[in-house]
Each structure stands twice: as C-alpha cells, then as structure tokens.
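Colleague: Below, each chain spelled out in residue letters.
4 protein chains.
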Amino acid sequence: MADTSTNGRVRIPRDKADDYTRDQAGARRAFVREHTGTELSHVGQYSVDPATLAGNVENFLGVAQVPIGLAGPLRINGEHASGDFYIPLATTEGTLVASYNRGMRLLSESGGVRTTVVEEHMQRAPVFVLSDALEAREFGAWVDEHCDDIRSAAEATTRSGKLSYIGQYSIGPLRYLRLNYTTGDAAGQNMTGKATLAACEWIQANHPSHPRYILSGNIDTDKKHSRINMLLTRGNRVVAEATLDKGLLKRLMGVDTETLFWARQIQMAGSFLVGSANNGAHAANGLTAMFIATGQDVANVSEAHAAISYTQLLPNGDYYWSITLPALIVASYGGGTGLATQRECLEMLGCYGSGNVHKFAEICAAVVLAGETSLSSAVLAGDWVSSHDQLGRNRP
Amino acid sequence: MADTSTNGRVRIPRDKADDYTRDQAGARRAFVREHTGTELSHVGQYSVDPATLAGNVENFLGVAQVPIGLAGPLRINGEHASGDFYIPLATTEGTLVASYNRGMRLLSESGGVRTTVVEEHMQRAPVFVLSDALEAREFGAWVDEHCDDIRSAAEATTRSGKLSYIGQYSIGPLRYLRLNYTTGDAAGQNMTGKATLAACEWIQANHPSHPRYILSGNIDTDKKHSRINMLLTRGNRVVAEATLDKGLLKRLMGVDTETLFWARQIQMAGSFLVGSANNGAHAANGLTAMFIATGQDVANVSEAHAAISYTQLLPNGDYYWSITLPALIVASYGGGTGLATQRECLEMLGCYGSGNVHKFAEICAAVVLAGETSLSSAVLAGDWVSSHDQLGRNRP
Amino acid sequence: MADTSTNGRVRIPRDKADDYTRDQAGARRAFVREHTGTELSHVGQYSVDPATLAGNVENFLGVAQVPIGLAGPLRINGEHASGDFYIPLATTEGTLVASYNRGMRLLSESGGVRTTVVEEHMQRAPVFVLSDALEAREFGAWVDEHCDDIRSAAEATTRSGKLSYIGQYSIGPLRYLRLNYTTGDAAGQNMTGKATLAACEWIQANHPSHPRYILSGNIDTDKKHSRINMLLTRGNRVVAEATLDKGLLKRLMGVDTETLFWARQIQMAGSFLVGSANNGAHAANGLTAMFIATGQDVANVSEAHAAISYTQLLPNGDYYWSITLPALIVASYGGGTGLATQRECLEMLGCYGSGNVHKFAEICAAVVLAGETSLSSAVLAGDWVSSHDQLGRNRP
Amino acid sequence: MADTSTNGRVRIPRDKADDYTRDQAGARRAFVREHTGTELSHVGQYSVDPATLAGNVENFLGVAQVPIGLAGPLRINGEHASGDFYIPLATTEGTLVASYNRGMRLLSESGGVRTTVVEEHMQRAPVFVLSDALEAREFGAWVDEHCDDIRSAAEATTRSGKLSYIGQYSIGPLRYLRLNYTTGDAAGQNMTGKATLAACEWIQANHPSHPRYILSGNIDTDKKHSRINMLLTRGNRVVAEATLDKGLLKRLMGVDTETLFWARQIQMAGSFLVGSANNGAHAANGLTAMFIATGQDVANVSEAHAAISYTQLLPNGDYYWSITLPALIVASYGGGTGLATQRECLEMLGCYGSGNVHKFAEICAAVVLAGETSLSSAVLAGDWVSSHDQLGRNRP
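Chains as they are written, first to last, in my numbering: chain A, 33 to 428; chain B, 33 to 428; chain C, 33 to 428; chain D, 33 to 428.
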C-alpha cells in the first residue's frame, strides 16, 4: 500500500502499476483518516468504475455527490438543437432549479428560444521574444508568409484540430501569436496546446533568428475572463434569443415589459460603470450546474460566464431579448463527458459523443436565457409589489 | 404520481407534500427515460439522503459523481490555517491533481505558504431612482445621515450579518448603493439580499420622496467578474505568499528563478494588454476543484478566479511570490457544505461548521499559489529544454 | 547668447537669471532656425507677456495660435452655473463648433440643461511596502487609527487642500493608499502631491516599522483613464441632464426619439463589448476645445473624457438624456488659467478666479451634453434619410 | 452689425458670404463683450490669416495663445525619424518641459531611442441590424465574400484611403463591422467615415435583405479609450525602446536600475488592479503638448495616451525600457497641421506634409519614452533620499 515518507515528506499512497482501483481509492481514504481523523464514508460510495478515471484524475479516493435537479421542458428552435429538452442541473443552491424552470416555461410558451453558434475558436497563445520591435514586426510578417507551413506543423499533431488563423499582437520586442483553432467535439485546450507547441518548434527551427518563445504569453487567456475573449471569442460564440409576449410575461412573471426595459437601462448603466464581465443577470448559475452534470471542465465557467445582453422593447409592447455568450467552452466528447453519470446527463440531452458539441452549446445558451428572464423578472416583481403606488414613469 | 400536462405542457413529476424521497427521485428518472429514452442508472446511485436536500435543489433525481483526487501535504502558516493539509480536488481534468500536488511539495519544502485574509465584504447593491442628479446627491447625503437606522433595519433580518458600510455610486438621477456586510460563516448572498431588502424598504418608507428602487442595479456584481470586485473586494480578499529557494525551484521544477521572473514580465504585459481578470496562471482550476468537493456555490468561480500576482526576484536569487484573490466567496456552513460528501471534505480540512470560513479561505489561497508555481514552471521548463542553447539573456 | 555644448551635447539657450523675456524667446527661435532651418515667424508673434509664464513653461520660445470658435447661447439651470452662456471652443477640427452649437440650440429650446456636481475628489496614491500581507493589513488599520494625524501632516502643506478620506487597496505585502482631497479652485495634482508627501513622511517616521514607500503606486491614476476613476471619481463627478421634447428633436435634428432610443441600445451594447471608457459619443471633443481655450491642463482629457450616458424614453415620447462625467479635472484658478487669452475665455464664462470651479465644471458638462445630442442625431438622420423605406421597427 | 434674435434666440454674428475675416472675428468679439462684458483683447491678437481657417473652425473670433517650450536634442534611431530632434511642447504646466528635457538627455546619452511603427489602422465601425443571430452570421459571411466589391465602393471616395480588412463582431442580431484603413498622411477619421458610408450604402443596396444600419455602432471607438484599441490598434501602433546604462541612470537621475525595476513591479500590479489604460507614467503629458503645438486633433489624446510599458533588468544591470502606444492617431497633413504656427512646429521636426506621418509618430513615441524615464526616476529619487537608510531589499 506504500504510504509515506521520503526525505521526511509524507506521501500519499500510490501504486504505479495499477492505481485506478477501488482498493487504491480505499487506501487513500484510510490515509486521510489516519492523517486527518476524517472518515470519508460517503465519498467512498460511488458507482463509477475507477478504471475509467485514468486521464481524468490522479490519486482518486472517491466522489463528490452533487445533487441534480431536473428542469424543463425547454423548447429550442436552433440549428443544432431543436425540440423540447429536459435539463439536468447539478447544484447545491436552493431555488436555482425552480427559477430556471420558471424561465423555461416562459420561453417555451413564448414559442421557444432561437439559438445560433456564431463562430468557434479555441486558442493557445505563445509569445516570441525578438531583439527589438522592428525585428518583432518583421518576424510577424514572416509568420504570415509561412502560415501554411505552420499550419501543417500544428495540424500534424491532431486529427480534429484545424488552425483557422493566427492573430498577432505586439508589445515592444514581443510578438504574441494567438493561434485560433476549431477543435471538433472537444473543448480543445490540450489539443491546441500540443499543436501550438509543434507550431512554435517549427517556427523556432525555421526562422533565421531562431527566436526564444514561451508557450503561453498569458493572452490565451486560459481559465480567466478577459476582454479579448469577449471580442474575439473563445470556444463557441453562441446567441440565444426570444420574443416574449407582453401579456404572457405579465401573467407568468408579474411584470410589464415596459418595466423590464426601464430597469434594463439602469442595469446596463451599472454594469458598464463597474466593469462587469456580463451586463446580464447570472449566466454562471445555469452554466455551472450544466457543466457539473455533464462532465465539462467546470473551471471554464470563469470564461464562459461572460455575456452581453441586448434587448429591445418592440412597438407592440412585446420584448425582444437576446444573450450572447462569447466564450462558451464546451465538449460533447473527451474530458469528463464519458464518465458514468456525466455521460448519462449528456445522453438525456441527445448530446453525447461526436457531432454534438454545437447542439450542446445551443442548449447551454437557451438555458442561460431562461435564467435571465426568471431572475430579472423576480427582482422587479418584488419591487413592483412593494412600490406599486408611487410608480410615476414620467420620471426618469 | 407522474402527473403531466396542464394546458398541454408536460410537467415534471413533483409531490408537493413530500418531494425529497428516493421514490420521487426515481419517478423523475423514469420520467426522463420516458421522454428522452435515457436510463439514468449511475445518476440514480447515491448515498446522500434525499431528505437532506431540501433547500439545496428542486426536482432532485440523483447525483453527479465527480471524482475526487487527493493532493498534499501542503504546509500553511496562516492566521487561521496552520499545519499540513491534505486537499480534496473534485475534477475530471487529468493532470490537475498531479500538477497542484507538485506545487504543494515545492511550497511545503520552501517552508510553507503564508496566508492572510485581508478583508471581507459581501454585498447587495440596490439602486434608487430619483428625479434628477441633484435629488440623487441629496438622497445620498440622507442615506449617510441615516446609516444607523438603515443598519438596524438590515441587521434585524439576520443573526450573523453585519452591515459594514454603504458605498454610493452616481449615474445621472440614479443612486446605486452597495451595502457591504460581514456574513459569518456563510457566503452570504441570500442573507445580504434579505437584509438589503429590509434596508431598502426602510429607506423608501422614511425618505421624504419615497423613491422607487430596484433591489439589484447589477453592481453587486453577483456571479459575474467585475473591476469593482477587484478593487473593493467581494467575499474574502485573501493573500497567499511564499519565498521560494532558488536551488529548490531549480531541482524540483527545472527552472531558474531568473527565468521565471523574466517570463513574469512578459505575462504581466500580456495580461494587461488583453484585459484579463487575472494576471496569473490558472486560479480557476484549483478553486473549482475545491469548490465542488466542499459544497461551495461553484458558480462563484466566475468571481473568485480573479487574481493579482505580485512577485519580486530577491537580491540573493530567491523568488518572492504572492497571489491576491480579491473575490474569494466561500462558506464553511450553510449552502451545500452540510451535504454528505461535501461535509466530509470540509472535515478533512478541519473546516466544517461555525468559525472556519477564514481558515477555509486561507487554504483555498494556498492551493491556488501551489497551482501557480507548478504551471508557470512547467511552461518554462518546456521552453528551457527546447531552447537551452540560444538563451542569451542580455537580449530583452 | 546661445551657449552650447558641454560634453559634446548641444544645449538650448537659457538664461538662469532672467529667462522669461522676449529676447530669450527670440534667442531660442534663432537656435531652432540654426539647428533645424525652420523660421518660427508665427510662433514668435504673441501678446502674452513672457514674464507671466514662469511656472507655466520652461524654455519658452513663442506660442501656438489655436483658433477659437464661438458657440451658444447654451441655457444652463445648474446649482453654480445658471443662465445663457457663450462658449469659446479652441479647435482646428472643422464642424466641431457648428455641431456643438446645434446641440446647444436644441438643449436651450428644450428648457436648458440641469447640471450637478455630485462629488469632488483629487488624489495622490502612494504605496507602502510591508514585509508581508499580514503586516500590510495591520499597517492599514494603523493608518485608519492615525487618520487625524495624517490629515494634519498633509493639510499643513496647503491652504486650500483638505483630506477627505484615505482609500486602501491591498496586493500581497503592498498597501496602496489613495488620499482623497478637495482642492478648492485648483485641479490640485500638485497640491495633493505635496500634501501626500508630507503625509507619507509622517507615516514613515511614526509607524513602528518605518516602512518604505513610493509616492505613486500608479493607482492615482494621474493622466490615465482608469476604472477606479469611473467608480470613485477623480476631480469632479458632474452630471448634465435634459428632457428633450419629441417634436422639437424631430424638427431640429430630423430624428424621432424612438429611433434615438433604439440606436442607444445598440451603441451601449457595442460600448460594453469593446471595453470603452465612455458609452456615449464624443465628450473628448468639446472638453478638449474648452480646456485649450481656458488654460486647463489639457492632458487631463485622457481622464476627463470618460462618461456614462443614461437615457430613458418617456411614456409621452420625450427623451430623458443624462451624461455623467466621473473624472472632470478642472480649475478656475492657478495653472494656465491666468494667462492672457485663457483668462479672457474664463472671464467670458464668468468663471475666472476663486469660487468658480464648480460653475466651470457644470458648464463643461452642459457643453458635453450638447455635443452628444448633436452627433448622435446626425448619425441617425443620415441613416434615416438613406433607409427610410425599409424601416420595419418590429424587427429587433 | 450684430444681428440677433429669431424666435427670441440671440444669434452669434455670422456672414454667410465671407465669414473668415478679421472683421467678422472682431464682430464676434464685440458680441461677446456686449453679452458677457468681457473684452477679448489678447484673444484678438493673432497672426494667422482668418481666410486659412475655413474647414478648421466655425464662428472664429480669435486664438488661444498656448506657450511653447523647447526641449531636446533627442536622439532617435528610427526607421523614419533618425537624428537629433528639437521638440516644441505647447503647455501651461510648469516643469513639463524641463522634465521631458531631462529624459531626452538621458535617452540621447544612452545612445538614443529606437522607434518602430508596428502597424497602422484607422477605423469606422458601422453596425448592421438583422432579423436574428443566424441571419446576422450569414450576413457576415456575405460581407466576407463581397469584400472586394465593398473595398471598391469604399475606396472610390478617397485618394489615399485603402481598406485593409473588415473585422466582424456579433451581438445577438447585430453585426458590427469594423472597417480598417490606411489613410496616408491624414489621421483619417473623416476619410474613413466617408468611405465607410459608401461601403454601407453598397452593402445595403446589394445584400438581399437590404439591412438597416447605423454608421457608427460605437465600437470605432472614436475619441474614447477602449480595450479594442489596445488590442487591435487605432491610428499607429508605435514602439519606443532604449537600453539605459546603469551608471548613467544613477548619475543623471539619481536612481539605481534595480530600484527602478523593483518599483516597476509595484506600479504594474497597481495599474492592473485599477483597470488603467496605461501601465506607465504620463504619456498624455508629452503627447498633448506635441499635439497642440503641431495642429493635431488634440481630442485624440483620449485614445493616444493608452500605453503598455514593458521593461527588463538585464543581467549586467542595464535597463531595457520599451513603451508601446497602440492608438497614436496623428497626421502630418490636413486638419490643423497647415495652420500658421502649427505648420512651423511640424517643419522644425521635418514632419510637415506628405510622407511624414510615420516619422512624426516615431518622434511622438520617443518623446513619450523620455517623459517616462524622467518622471519614474523622480518619484524614486525622492523616495531614495528620504528613506535611504532602511532600504533592505531582501524584503519584498
């Protein structure tokens, strides 16, 4: 079972030959009990086969059981997702499922959500260090000229990754390259990392000055919200949009579309003032719950939660509502998508496996829009109730 | 049991009298099978008692089993966390546990991580709508004058929430108030929401013009990264810092501290250029894995992943490394922290229950720093290997 | 006259005893002619007395003649500015004066602009370097406790500067202090620099660890747009607001208020997407022209041009329009305000000298609003003309 | 002569036939005297011929006399600017000229400044409004396919403007196009506006759905700092860089390069924290003074002051310093460059007229770098003096 110390450092039990077994997981739980006094009884109860976890986790000792609530149906009229969907939401936050469910009903009864994957780019962004800005500029021109060779080097490392274009950004003697790929059904961070390493090695070997590089100059911007993500997309740029009937909104949500639009002006001004990553309500909630349920890399919520809401009050009083997610990083294959419970959740959406990533992206965006309508209305319905008597709307 | 359509809308089975049972969960899985054809076999296997899930999820049908890997020990010399810790990381991303583990070894062998909770603020930010900017300014002065009354109204709704101060921000006729609270061992979003509603109602009732308000003007900025979070803190502002021995870093990580610092300049420039929420490497990875394992509101990763790295190369060649997390929203009590597996994971850290939230926050920050050292070094060691021969550091 | 080289370096003529004379200016123009071949004929023609320029410029050789156009009247109903104003705009950009003039007519005929100085803060932001984050936090508490002493030290250096509050911001072992002052009729950068130096010296001498500091940690953020400026104000936070009659707007500007509001949604979404400092049209144009004319520190346009537009379409079809300038740094006294032409331009606004800075700030904001209405309408009137036939506004 | 009221509105005197005369200027000054009581004596003294001001200003009544100080020589080793330059700085801020002059000496004695124009893009950014996101995406593809036709339409309106590429950015049903041009020796805002109008009209006429558009969707982002400017350049992206001798810096500036670099880490962290447009010191100061002197559109300082400083401490103790200006919008021809004093100032730099815009851009960047070195050193030299005894640099 081999725990413990080399050089005085206690070591977590690990079997180099066969570490993904129930016994090894048990040994690690025993180790935890020994060192912390905590019995991991529930953590040790799982149905996933440890042998399937190689490549997903190291030092496996059990599972977190995250409760899943069911919401839906949600009617989606997308390019890839079409029909009524039931959504698994893994969360420990009370009311989340109920609130999204309410929004799904509104959207479905309004005729459903239109969804569109507008574009798709996954990146790795190395930086090359030249001797000065002039050489850096000329290096950039050289990269443009050798784009086909660079693409060949990159794509030789992957079956599904395709290099779309190389963005270039200059600071002093530095030339940041941002290699943009399509990555099939995978989120693609690893795939693009490997391909970009090959691209960089080719560049370094072939450029006359054999410039030094760092594989990431931190403008990728992996696992970090950024303005470049919002502008230039990371993962999928997906739009969900719906036109909400004025009467239906009033009946289901208790608010007028005029009030929603009035409040929208105030919330947009606030979002702009404080430098928010999202001028809407709470995209992170729905995305996180879907990501946990379906085996996405949940840390991507840091990037995926960015959003731009754009709405218009139509002359007939109906409400056009769109949300654009510029950095929705998702997969229908690879990563955690194939694990026991995660795969089932993708399957119930008809999204497991090859060819389904855009369908899944569209469903994510539709779910987000449902949550926006529900929370935004709830905030105002409360206000309405408490302040209905002084509502003189001729005052700004 | 399985009711269905009203007005043609299919309805998810729900028992208003007693919905948190294995039977009801099973009924919903059957409903999913009927409507999607998917058998939720693994999702239906769990040890958590459904009766404990009221307040955490609606329409419960089973669980996501998220594998947990073990990392550590991590030596922490904090105010609240002190000693060697073993860290549960729930993730499906291969190498994550191994990489953090490597960083923990480096930090521990360097003498450990110092951790400090610098300040603590949880907010709800309503907006009051006045007739013009002048009235809004005077309203703001009135709020300042009546701060004690407003505090009384807010604090009457909660045992553990305390109103620290009210920030005020003006746009046109709008006065955004940002009520800052300490919230004990809870993350506090709900607590502050309820308290702030009471505060707003008091204000509206007592201010001579009985101004209209919206409970959130979107500058809270709940579940959204923002610049105001970075400046003014949301949740805990926590710092982890360590001084890394030059020789040790070279031996364990394969990089020189000079190279790390050289690269740091480049990565900071890149982060600044692209408007990143974090000028470090990948705080979101470690935080997400800890959040899932310990029952945090994982959607808070959208805010919590923001970070500022600050480092110095010391005259003796050692490397001072700090990371500041300005929006680490965590709880040791309430929310999902008391669920079956989640509680066990908090217990193994000695962080379950009352009085432990700052200890947990410190551990989170220390884990993040471990991940920073590991990934940053890995990026450069690769570079070093491939390019060791042309490393003329007299070139910028 | 023209001394020259020491150590081979050619030196610009300079008379240490009496350098602010027409002769010395002429000597320098001769020096320019000698070294560049350029005859500075027009530059040498000025009415300002060189003797008045000490403290405003070094190595004076003549003037830039910047043409001033006249706009107005602009009716302002402010706290400090009240009545009809004629505005001097120094610019070389054709149509600027005409466009602002058009906006002034619209605003005046709509009843005038309400203006309000909401708050006023000028800053200098030193950073203290402590040994770690814990010491930095405790240092921060010490600063709070000794605020009165620090204020005394700071205010001893100035007659008109008053220390309002000290904001504190932590990164690792660093404690950035942002000392906020009111500065009377001066913009106050120099005054606050001197006062803050005294404050820092007092802190360093009296704090037990005598911590090292840098007088600016770059969060002031002098001569640089920043998010902290938008949130926490730099100089004056000023609002200009007006309610525009629907019929008048259509008659004078050729656009419907509905169209303006529809377009506003699109422009706000765009501004948010690209991370703009200003979600309005072109505040910088009017401010720059006024700043040059009136002897402001024109480099402050970098900060002053930030703005938040907030509008509402009222139920009766009229249009409420506000613009909030969070960083309007201006002076009515000191700096360049007393120079020959600059003083005349301030005088024609009734803003020269003591007690007039808020009046001037209000006029600036009103001028900005005039420019917003004019340009925003022009953009749309063009569109309207070219596309009037396909304008189906039921489409988003 | 002063005509006046129509509909009760007092009107500024204006002669439609011949308004650009000394008499008309005098009439307007008389009008000002009549309405404000202010005698514009100095404003009325100028040598510029009013007849040359058509196209630069309306309602001309005189000039602002802005004092010019002389700095230099500044040695520049650029692609376009090469040699020793004397710089005219129009300012009313004391010490500005002296401080820049000091930096110029340092840079010149260090061997001079390398300058590089990295890229050049001027934009106008219309937005097209489609019926939904899917149609917007397809519209985008159509634009790509018809890029040559669009270019032809745009370029037919201008001799010197060339359309480089069309960036596309999606929000909901909106397709923002950002047309990037090179504009010869002009700043190009008007040129690109006219060309883009033609492009839009062509698109609207030829696209099957004849979509509505707005000529600016506010992502240009004219006269406003923005993140998109920093990333994708507006005007010229120019780098100035120098390697500063350790001993020389100590002798001239009184600081060690190690101290400069230590402080740089702190200032970069601060700049990142507060969301600054510029992580350096005060680019706006030098740029504004040059812009006023040389007839640039000074309002562009709002955009031009953005900068990214990137530095490295070299192993031998010398200091590599670069500054990158991503949005330096300048002209050597057109606008105010041909006016009396402005042209002389451009001529003394050898930058007046066709073919000189990149030379002028390089000089601007070099001047900025001079100011950075001077102010950054001054801040620290002060600190050094006051705190020289406790400077234990082994503490972070």
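One or more hints might be untrue.
Which copy is meant is left open, because identical chains are indistinguishable; a pair holds if it fits in one copy or across any two.
As the list claims (entries may be wrong) - The calculated DSS-like cross-link candidates involving lysine-lysine, where the alpha carbons are at most 27 Å apart (straight line), are:
#1 K194 with K282
#2 K194 with K48
#3 K278 with K48
#4 K226 with K282
#5 K226 with K48
#6 K278 with K194
#7 K282 with K48
#8 K278 with K226
#9 K194 with K226
For the record, the hints were derived by calculation from the structure and aren't laboratory data. Bear in mind the structure is a predicted one, so any value in this text is a computation, not a measurement.
Colleague: All the hints need checking, so say for each whether the structure fits it.
Modeller: Status of each hint after checking the structure:
Taking identical chains as interchangeable, the C-alpha atoms of K194 and K282 are never at most 27 Å apart, the minima being 48 Å within one chain and 36 Å between chains. With identical chains, the CA atoms of K194 and K48 are never at most 27 Å apart, being 35 Å at best within one copy and 52 Å at best between copies. For the identical chains of this complex, K278 and K48 are neighbours neither inside a copy (63 Å) nor across copies (30 Å), given an alpha-carbon limit of 27 Å. For a Cα distance limit of 27 Å, the shortest separation of K226 from K282 across copies, 24 Å, qualifies, whereas the shortest one inside one copy, 52 Å, does not.
In this homomeric assembly, K226 and K48 come within 27 Å of each other (Cα to Cα) only inside a single copy, at 25 Å, whereas the closest approach across copies is 52 Å. Proximity of K278 to K194 under the C-alpha cut-off of 27 Å is found in neither arrangement, the shortest distances being 45 Å within a copy and 40 Å between copies. Proximity of K282 to K48 under the C-alpha cut-off of 27 Å is restricted to the inter-copy arrangement: shortest distance 25 Å between copies versus 62 Å within a copy. Taking CA atoms no more than 27 Å apart as the test, K278 paired with K226 passes in neither setting, with 51 Å inside one copy and 29 Å between copies.
When the C-alpha separation of K194 and K226 is checked against a cutoff of 27 Å, the pair qualifies only within one copy, where the shortest distance is 12 Å, while the shortest distance between copies is 38 Å.
Of the numbered hints listed earlier, those contradicted by the structure are 1, 2, 3, 6 and 8.
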